[in-house]
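**Student:** The primary structure of each chain is shown beneath.
There are 2 protein chains.
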Amino acid sequence: VAEGLRTVEELARSPLAIVGLLASPAADATPRGAALLAALAARGVPVARVDERDFATAADTESPQGILAIAEIPERALPVPAPGGPLRVLLLDGVQDPGNAGTLVRTAAALGAAATVALPGTVDLWNAKVVRSAMGAHFHHAALATDWPAVLDWLAMHDVALWGADHRGRDVSVVGAPPARLALAVGNEGGGLADAVRTRCDATVAIPIAGAVESLNVAVAAGILLHALRP
Amino acid sequence: VAEGLRTVEELARSPLAIVGLLASPAADATPRGAALLAALAARGVPVARVDERDFATAADTESPQGILAIAEIPERALPVPAPGGPLRVLLLDGVQDPGNAGTLVRTAAALGAAATVALPGTVDLWNAKVVRSAMGAHFHHAALATDWPAVLDWLAMHDVALWGADHRGRDVSVVGAPPARLALAVGNEGGGLADAVRTRCDATVAIPIAGAVESLNVAVAAGILLHALRP
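Residue numbers (this note's numbering), protein chains in the order written: chain A, 82 to 312; chain B, 82 to 312.
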């Protein structure tokens with residue numbers, strides 16, 4: 082479910098198949114909304130018209146701008162690296178806040194990661210709040226969930242290094258050149274990485290922070306690390 | 082106004098003067114809440130006890146954990162750099178989302194900036210939602226609002242360079258060593274920096290992003306830039 086003008090616009094620009102649209106009069110009230118509805122109708126997307134009150138019962142947001150689209154969740158697998166090429170993948174280990182998860186998907190997509198992978202304990206990456214926070218990044222980026230044994234097999238099969246974000250790790254600005262194929266794992270907002278994940282990491286890295294502050298937001302930390310560890 | 086257990090704990094650890102507490106039975110229901118209430122009462126902080134219903138009318142959050150503190154907003158001025166020492170300041174130019182503003186304050190504090198400065202058009206940095214998103218960073222970090230002429234005077238007086246985050250700027254990873262005294266300006270979530278700010282910048286810097294994604298979240302971008310441009 083994609084809610085709101087900007088998210089539905091992004092969806093319309095993506096290769097994903099749109100199953101249908103729900104629209105209220107509010108969507109027609111702006112030129113941008115009217116243009117989007119007309120473009121999708123011209124593509125043969127079924128549009129269900131409802132009044133504001135019925136629309137509000139279907140929408141998750143407080144101000145959903147009168148437009149909501151339903152699309153199929155694309156089938157995605159863990160990415161296969163190009164021979165000899167670099168690879169970045171972001172692993173989410175127990176990230177629970179939908180806003181954080183969405184910002185993580187957006188950040189990974191923007192910084193060139195091939196996928197964002199949710200391990201068990203992480204919020205559903207395709208829940209409407211996550212999709213909305215990601216500002217449409219899902220539609221062009223592999224966001225998927227899998228289990229830890231599948232990740233372990235994938236790491237071994239493709240010779241991908243696993244690095245974890247951990248406040249006890251080495252300062253990321255002094256670790257030197259990162260591996261060409263790297264999966265970066267970030268953990269739960271309060272508790273960090275699960276023991277099983279942390280102990281499997283080939284290295285753990287940290288961002289030094291000022292004494293009075295406890296931590297960085299997980300999406301900010303992931304952005305800094307993915308940028309610092311870019312290929 | 083500081084809401085919630087963790088934020089009030091951070092406030093209690095800070096030098097800020099707590100004017101009073103509002104507590105409901107929910108605050109006593111956990112050992113952590115009961116310990117915090119006892120510690121503040123021992124310091125002579127007045128505690129008003131109310132039932133859950135009255136508490137809910139005062140609290141801004143849906144699950145405020147039965148504790149809310151009121152403290153004085155500290156008087157803060159633009160920071161004076163130490164002679165010969167480095168300085169980092171984050172300027173917010175029209176950041177409107179309270180969650181983003183709070184994460185920006187938290188990020189600036191964590192990455193060693195001396196202050197986060199709100200220019201006109203930016204949300205009030207001391208609004209309860211901003212304070213909550215910052216996870217207590219306000220209590221140890223100078224978060225203040227001022228106007229553009231005051232910033233211009235301060236830049237000139239203390240020989241501080243002004244760099245702006247702008248998608249048309251130079252790749253931050255190739256700009257070389259940053260100035261010792263640097264104010265980094267980030268703009269509105271949709272529109273970026275105001276013209277008056279961008280044209281005054283001594284340099285503009287960007288984070289290269291993948292084609293299909295429009296932008297990074299403003300707090301993620303600020304985190305990457307403050308980290309990449311650390312002294």
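Heads up, a few of these hints could be off.
Since the list gives no way to pick out one identical chain from another, each pair is judged satisfied if it fits inside one copy or across any two copies.
Claimed, not checked - For lysine to any residue, the following SDA-like pairs were computed, each having C-alpha atoms within a straight-line distance of at most 20 Å: (1) Lys210 / Asp109; (2) Lys210 / Ile99; (3) Lys210 / Pro312; (4) Lys210 / Leu310; (5) Lys210 / Ala287; (6) Lys210 / Gly180; (7) Lys210 / Asp247; (8) Lys210 / Glu295; (9) Lys210 / Ala115; (10) Lys210 / Ala309; (11) Lys210 / Ala158; (12) Lys210 / Ala116; (13) Lys210 / Ala122; (14) Lys210 / Pro160; (15) Lys210 / Ser296; (16) Lys210 / Pro179.
Treat the hints as calculated values from the structure; they're not laboratory data.
**Student:** Next, verify each hint and record whether it holds.
**Tutor:** Right, here's what the structure says about each hint:
no. : hint            : verdict
1   : Lys210 / Asp109 : neither (24 Å within a copy, 32 Å between copies)
2   : Lys210 / Ile99  : within (18 Å within a copy, 35 Å between copies)
3   : Lys210 / Pro312 : neither (31 Å within a copy, 37 Å between copies)
4   : Lys210 / Leu310 : neither (29 Å within a copy, 33 Å between copies)
5   : Lys210 / Ala287 : neither (29 Å within a copy, 28 Å between copies)
6   : Lys210 / Gly180 : both (7 Å within a copy, 15 Å between copies)
7   : Lys210 / Asp247 : neither (27 Å within a copy, 28 Å between copies)
8   : Lys210 / Glu295 : between (26 Å within a copy, 19 Å between copies)
9   : Lys210 / Ala115 : neither (24 Å within a copy, 34 Å between copies)
10  : Lys210 / Ala309 : neither (28 Å within a copy, 30 Å between copies)
11  : Lys210 / Ala158 : neither (22 Å within a copy, 38 Å between copies)
12  : Lys210 / Ala116 : neither (25 Å within a copy, 35 Å between copies)
13  : Lys210 / Ala122 : neither (25 Å within a copy, 40 Å between copies)
14  : Lys210 / Pro160 : neither (25 Å within a copy, 38 Å between copies)
15  : Lys210 / Ser296 : between (24 Å within a copy, 18 Å between copies)
16  : Lys210 / Pro179 : both (6 Å within a copy, 17 Å between copies)
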